[in-house]
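**Q** Sequence:
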Amino acid sequence: METMKSMIPTVSTLIIFALSLAPLPCFAGDFLYLVLQWPGSYCSAKHGCCFPKNGKPANDFTIAGLWPCYLNATIPQFCNSHSHLNLAKASNLTKSLQVNWASLACPSNDGSNLWAHEWQQHGTCSGLNQVDYFESALRLKKQVNLLKTLNNAGIQPNGRFYETGAAVEETIRKAVGYMPGVWCNNDKSGNRQLYQVVVCGDVVGNRIIDCPGIPMGKGECAASIKFPPF
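Once you know that position 50 of the sequence shown is 50 in my numbering, the rest is easy, because the numbers rise by one and skip nothing.
Watch out, some of these pointers could steer you wrong.
Below, computed lysine to aspartate or glutamate pairings styled on EDC-like, alpha-carbon distance capped at 16 Å [stated by the list, open to error]:
hint	residue 1	residue 2
1	148	60
2	148	132
3	148	170
4	188	169
5	56	110
6	142	60
7	95	30
8	89	132
By construction, these hints were calculated from the structure, which means they are not laboratory data.
When you get a sec, could you build the whole thing from the sequences and use the hints?
**A** If you want it as structure tokens, here you go:
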């Protein structure tokens, strides 16, 4: 993926090297990463997928994670090992989570293990309570409306290849207002395909904001990438 100078500030070689050793570094600010995932790319990868117990998810991007990022240039994880997800507190969100944050892991499950893991790993570092954390993710996803944005530009999950920067990234930038991060994975034949899209939200998850930096070390994309069906 082509480097975007507006998103990555100029720093010394030493700092770049140091940050490259940290897992998924960011560069500045106090914000949230919303990571959206195309289920067709998850399922067409070598590991395959299993549909949730409530059936095949809708033909739409799903939430892969909501990650807080802090001024120390890292994405903190597992900040409170004693805070376990209590789904009873978020029972009114269960149906929305099943639609928008579905688990495709095998064996088939109801998604509760995924949500509990995401809360433990990232939610406990967000400064939000459990309900607010999941509501923030759902609210930000709705603001992006990613599949509609791509479809309106003629970028559809039909197995065709699209230009990464000029088509996919630029289309999202025009709709959202800010440059996204685009990550890719491989299908079973080794083709690079649109996998995850990253946008940033303010620290309470009310609105999309300009990303101070996109995490490095994730799946780089080729000049053109496949958008597989689901």
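**Q** Keeping to a limit of 16 Å between CA atoms, is the pair of residue 56 and residue 110 held or broken?
**A** 12 Å, holds
**Q** Does residue 170 sit within 16 Å of residue 148, going by the straight-line distance between their CA atoms?
**A** 15 Å, holds
**Q** Between the alpha carbons of residue 148 and residue 132, is the straight-line distance 16 Å or under?
**A** At roughly 26 Å apart (the allowed maximum being 16 Å), residue 132 and residue 148 break the hint.
**Q** For the pair supplied as a hint, residue 142 and residue 60, confirm whether the alpha-carbon distance does not exceed 16 Å.
**A** With Cα atoms ~11 Å apart, residue 142 and residue 60 stay inside 16 Å; holds.
**Q** For residue 188 and residue 169, compute the direct alpha-carbon distance and say whether it is at most 16 Å.
**A** 24 Å, violated
**Q** Between the alpha carbons of residue 89 and residue 132, is the straight-line distance 16 Å or under?
**A** 11 Å, holds
**Q** For residue 148 and residue 60, compute the direct alpha-carbon distance and say whether it is at most 16 Å.
**A** 9 Å, holds
**Q** What's the verdict on residue 95 and residue 30, does the C-alpha distance respect the 16 Å limit or exceed it?
**A** Not OK: residue 95 and residue 30 at ~30 Å, beyond 16 Å, violated.
Hint violations for this structure: numbers 2, 4, 7, all remaining hints satisfied.
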